[in-house]
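Asker: Could you put the whole structure together from the sequences, leaning on the hints where they help?
As given, the protein sequences belong to chains A and B, one line each in that order. One rule links them: number in the working numbering = place in the first sequence (from 1) + 6. One rule links them: number in the working numbering = place in the second sequence (from 1) + 6.
In case anyone wonders, no lab produced these hints; they're calculated from the structure. Treat each hint with caution, since some may be false.
Repeated chains share a single entry, so a pair holds when one copy, or any two copies, can fit it.
[Claimed, not checked] Taking lysine-lysine and the BS3-like style, the derived pairs with C-alpha atoms no more than 30 angstroms apart in a straight line are:
no. : residue 1 : residue 2
1   : K100      : K302
2   : K95       : K300
3   : K106      : K224
Spelled out from the first residue to the last, the chains are:
2 protein chains.
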Amino acid sequence: MAKDLVIGIDVGGQTSKCGIVDARGTVLAQTVIRSDETTDHDVFIASLAEALNHIIAEAGAEGRIRGIGVGAPNGNYYTGTIEYAPNLKWGGAKVIPFAKLLSDQMNGIPVSLTNDANAAAVGEMTYGAARGMKNFIMITLGTGVGSGIVINGEVVYGHDGFAGELGHTCAVRHNGRVCGCGKTGCLEAYCSATGVARTAREWLEMTDEPSELRSLDKITSKDVYDAAKDGDKLAIKIFEYTGRILGEKLADFIEFSAPEAIVLFGGLARSKEFLTEPILNAMNANVLPLWRNKVKLVYSSLKESDAAILGASALAWEL
Amino acid sequence: MAKDLVIGIDVGGQTSKCGIVDARGTVLAQTVIRSDETTDHDVFIASLAEALNHIIAEAGAEGRIRGIGVGAPNGNYYTGTIEYAPNLKWGGAKVIPFAKLLSDQMNGIPVSLTNDANAAAVGEMTYGAARGMKNFIMITLGTGVGSGIVINGEVVYGHDGFAGELGHTCAVRHNGRVCGCGKTGCLEAYCSATGVARTAREWLEMTDEPSELRSLDKITSKDVYDAAKDGDKLAIKIFEYTGRILGEKLADFIEFSAPEAIVLFGGLARSKEFLTEPILNAMNANVLPLWRNKVKLVYSSLKESDAAILGASALAWEL
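Answerer: Shown next, in the form of structure tokens:
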């Protein structure tokens, strides 16, 4: 039987999404399982294999799976391992040979693994906003800030497999916010969904500026977005600040790899109506004249639930 | 006759160095011509061709030149053009099809061209400190700060051929020094030879700290180096400051492409006895724990006069 299908898996801290994908990028069957119900990676991998076998049966795809692609936090493309992933309940403080273990559970179907942001970049290049591009930088604006860098049509993995940690480059050099990674001033501490919420809390505390956000108990980036939609001036300023910091760093990134485009992806990217202008202004003001107003800023064109599965599945075709 | 030799040319603002190189990287003959005696690029290229024919005759290399590689400021690998190069007397405000014009003058010998820092990186990879490395970043600390980035064994050119302008990433975000490029706060404004001299002048003016530099009329980075060798505390602090700023930015660069090593090159790199420790301290303090104390800092092992010729010549072997 022809091996004409692949599986894409997006391993996240709370849930993991899996899908069977054909060569045209159609998701034939998909499912979601919890990632946070065990501290034992073997237990998680067993439940993942069970879920995969279920959708394989559902899609009538027995014997047709050519390979499995996995996007996971701290995933290493070279070794197929997930290394010291603090966001995975079963992942911290150890190196898990995830690709091998999953392949063993799946009767030897080959498994390729990379980090989640790299998988999203591959998805965008194969099926999304970066189709036809050979040089672009994908920035995922979610709970954290991730990145996948594509140069000459290939994801940059670097010497050790972990390249592309742009969320932890320095955005604020002095007295910067403490980041989850232990450093201070990281881009992620400002330009993630949690960074936006943090800016809101700080500004509400430090100023008397009126804002509908004051009535809320616990503020999320979605609340800031909703307030901005209502015309709330403080909320709009929060996005201006966030966009400026991101745009300043994008200028640095452009000077590194001269991409054709920056692709934004993730929950916070949905606030593009408030982010685009401040990002572009700061990016173009801070980049060398050579690239001013030349590098495109585009948003992911894939459904978010599909993008990660598609990106991971695209890896599997290379197997 | 076997085409067993190549020519490497390093085009600089004041002089251009040319050499005939064999497959083992031996420079068989070399010469230097002025680059700054004409504003007409055709006149320069004609005098360059004359010089090349001279060393070809000297080395008995007629008919044996396989190709010519050129490293030049603002050189574009994709197009073979030198574009808007303010440092070349005959280069500003225009796009010069340098590779084609030189090839025409040299009876059709193929010419490959890239920017000078990329050429140096290729030289270091082929013959120098980065031999055997597939992922490294070369930083040239000269009058300016240049960079050549190698990923997966290949120089990064980016979408337009101009990638790797790390000297113009932002080192000081607020109230930074004005840079030659028109932006403010660029790495080059602090960590070049001219940046070091500028730091010296600023600090002498702003403080009363005693220093032997006070007796000098016009201060160069070499003066600061000599003073530091004499134990001059202010001079040593200037290198600490320079090294810290460079190290902070290197941390960002590591998070981008996860190189095996950073290779430093150029006149200012000769002050390594005063720069290495502050660079490493800042680099390791600012990088993600994953890379702390893992990325090597190495210095070019090529004679400076040879490195540029060898780098450019290495390009020619690819022709």
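Asker: Now, for every hint given, state plainly whether the structure supports it.
Answerer: Status of the hints after comparison with the structure:
no.: 1; hint: K100 x K302; verdict: between (39 angstroms within a copy, 25 angstroms between copies)
no.: 2; hint: K95 x K300; verdict: between (42 angstroms within a copy, 27 angstroms between copies)
no.: 3; hint: K106 x K224; verdict: neither (42 angstroms within a copy, 64 angstroms between copies)
Checked against the numbered hints listed earlier, the structure breaks hint 3 alone; every other hint is satisfied.
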